[in-house]
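Chain by chain, the residues run as shown.
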Amino acid sequence: MKSIQEIEQEIVEEFSLFDSWDDKYEYIIDLGKRLPGLEAEHKKDENRVRGCQSTVWLVAEYKDGKVYFKADSDAVIVKGLISMLIRVLTGHTPDEIINAKLGFIQEIGMTTHLAQTRSNGLLSMVKQMKNYALAFKVKSEISHG
Amino acid sequence: MSTQTIAKDLDVYAIRQQFPVLKRQVKGRPLVYFDNAATSQKPQVVLDALMDYYTTMNANVHRGIHTLAEEATAAFEATRDAAHQFINASSREEVIFTRGTTEGINLVAYTWGRQNIKAGDEIIISEMEHHSNIVPWQILCEEKGAVLKMIPINGEGELQMDAFKKLLGPKTKLVSIVHVSNALGTVNPVEEIIELAHKAGALVLVDGAQSSVHLDIDVQAMDCDFFAFSSHKVYGPTGIGILYGKKEILEAMPPFQGGGEMIKEVTLEKTTYADLPYKFEAGTPNIADAVAFKAAIEFVNGIGKDKIRKHENDLLAYATGQLEQIPGLRVIGKAVNKVSVLSFVVNKAHPQDIGILLDNRGIAVRTGHHCAQPLMTCFGIPGTIRASFAVYNTKEEVDELVTGLQKALKMLL
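Going down the list, the protein sequences come from chains A and B. If you count the first sequence from 1, position 92 lands on 93 in this note's numbering, and the numbers rise without skipping. If you count the second sequence from 1, position 92 lands on 90 in this note's numbering, and the numbers rise without skipping.
Extracted from the complex, chain B is given alone in its bound form (with noise of 0.2 Å):
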């Protein structure tokens, strides 16, 4: 091997040095944490960014002429011009802070949504979707008399584009498609999918939770309307998130709450809103985990996110191959395209009873329906054990994994 090419590699060993918690020990055991498509571990420089900003500038943001303010102000903003290159968006006025994808959705229901959508229009999603790409549509639907429809999967766990294109008609108003399914793993044909949207005179909103931390996203490429996506999933602070969106369309959109920050002039009898991004983000924002989210983003580039994908490939291939091996295990979701998650059923045991027992040995995995009981249903399964791998996880922690299942249905069956 040569020199060139051990310096390209992603030097795990040292990457876990710069994440505190994985020192920790649980049940007297080292940690082996594999729930990263829940929330990933921060960083210290994350940490850091944290302490630093409520001991040397917490201030209100905006508003005051004060030197904290303005110190403080340029934190936050900073972070959206991270964000905004992080995503390739065209402009900075694109990019709103949002409390995560959870709320990026939402924002865009009730807004975008309650505008334009009427009795009888129709919103496609898919039955992979995540609860909270699920919810805010059956509310809306309810509430406007439109129809919601889901695109079917087939026994990989990969979108049948061919119903989709039926689905697909002058009805259709919205797709909202999830980049990545939190449950599977698998990668969907975003860019194919609108394109076909597109043509049919539909918007599209990606739901972007899982992507954003594995794939190279380019919102102006992928030609999507909305992109939503949370920091805590890619190594920043919880409670914090981007809401993209095409500036035309934003403009267009009436705001989503009221209140302080996002007005240009209040009287009693009319309030004009604030340009963007300001008119989607009222009252005091997080700053200080907005501020932080900008050294996640950092650290994320600082390695590079193909080398990142890469060494979760591996791990996805490695860790595949051995659980395999074990006698009535079954993965759930073998897509061609697929990024970090590997979930799986044993015969006979329930993952409840194996998540229990891996904890028991340190190891965090995901059981259950992963907030996707309609893809649950598809299978035909309860839910699944998830194991999800980030840029410090490491082969000797999938053979812990493995040594961990393999006791437990030892002691199950």
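Excised from the complex, chain A in its bound form (with noise of 0.2 Å):
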């Protein structure tokens, strides 16, 4: 199993071979139209993260003391983003997540290309995955006293 700065290593190699934004915008939308949504079950309000102006759905599982995330949007590049997020922190333990610093999204330029309130959503989206690593690691520490 790869570390998350491994694969955050991986998305900024596979970023640098696009010549253009409209490249890097095709792979993005690419992935996000191959991102498996969410069940009709999961796109409930509990499951909303605020962002700007998409509707983002965020779930998490907890299993053998690793950390497994499923997400939907209803608009695609965001869609795409998230798959990136997914990529570089599902599978690892709580810890991993909540010191993650992901620097691949401002190596890849999506801070500075997406304006500051869109970028919004995708920090609130990373809070989000984090708070739900903090939760469990919690739980789990109480529940082995």
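The hints are simulated quantities; they were obtained by calculation from the structure and are not laboratory data. No false leads were mixed into what you were given.
DSSO-like cross-link-like pairs, simulated, lysine-lysine; straight-line CA separation at most 30 Å:
| hint | chain 1 | residue 1 | chain 2 | residue 2 |
| --- | --- | --- | --- | --- |
| 1 | A | K71 | B | K408 |
| 2 | A | K25 | B | K408 |
| 3 | A | K71 | B | K346 |
| 4 | B | K346 | A | K25 |
| 5 | B | K346 | A | K128 |
| 6 | A | K34 | B | K405 |
| 7 | B | K116 | B | K164 |
| 8 | B | K405 | A | K25 |
| 9 | B | K21 | B | K308 |
| 10 | A | K128 | B | K25 |
| 11 | A | K25 | B | K25 |
| 12 | A | K34 | B | K408 |
| 13 | B | K408 | A | K44 |
| 14 | A | K44 | B | K346 |
| 15 | B | K25 | A | K34 |
Please dock the two separately framed chains into a single complex, following the hints provided.
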């Protein structure tokens, strides 16, 4: 299993192959289209991440000490961005997720290229994923005394 | 074509030269700015006026007796006179400086509203209001136990006037209505609304944030009781706006905020308030932006609103025709009487995705609910893509939008 940092590095290298932002967006859109959507039962208000303009749903599962994420959005570019976040964070321990720096978002140019209002959607997604990790960590610490 | 016709037309390319920001590149391409309903760009004369104010006469207004203070006061008050003419108020005392439309509406809600609205009274707004003409009234109604009612709209995005007539009654104290919808471009029949409301004994506030740049505004002919608008949508600076109110109504209203500028005499026991319009202008105003606002008004008057309107209407008609040829595209808001704003949705494509991809080609549009969530709910959509046109936009830019949209849809669908 690759570390969070190794996966981030992979994504940065993949993006370095693109010549233009059109190509980057084509790729992100493709990721968005390929990310399996959430079942209707998960698309409820309590799973919503409050972003800017699009609706994002995020669910997490804790299994054998690791956190697994699933997400969906009604906007495909945002869905592609979530797909990358899931690729980086899913299957890792709560501690690894809480401490992840996620520098790749900036390195592939997403924070400068998307206006602040939209990156906020991305940042609230990251925050929500870390919140899940923290909640699972606290819960497992309590149950293990 | 005769030379006379050419002379009468607006020379959009010469006008573009006056807007420095239009020369910039965005994402490696020439900027196409179609977010004018959010805020317009500023011509050089406005930028010069701002610079000139700070470099030659910066001083506080109304108080000093030194030369700079007198010059600053004269420049500040000259804008009041220009605004007075711009909306044809009957006197300059009726022209109050605010931070913008939102503050103008809040001023009325917090002063006239608190003084006159009682439990059980009714305030009428419409389903196409901007949040700034909804929330102040919700706050007031909640505080007073009054009732807020909404005029419904039809499928074209026009007010249902029959429904409005039924809403009007003896309990109606105020109708607060948008002149031109920011999300749809619909021009509302405010004269008719005002006449009906007055017959029912209610006052009328007109939200002129969008209309003031496109339509000829004559508050006396309109007979509205209040009219609020912002400088920054009329090619002027942000942070300054105007609230017009009929003199006798303004005189009876309590002050909005307390402080300097708005007083006649202060003792520890009692303060007497300044005369209009100063009663409503507490504290040091936004002098520089107010001064530069005059340059914006002169810029608009210099070209003529009739020419600007014709230019924008031509663009709107051209853009509507072009966009409607795109399969799956639906224009939201098809009022017979509309200006400048083209709102649309495309089947299966989220407005945000389209907005991001258009921005990637240097095209600035607005996507989302446009601060009019109740309106979006009426149409059953989360938001639209909105292109809004100004005096400096061209058909070539509309072509860029169409091409950009086609490419975006090819990527998305």
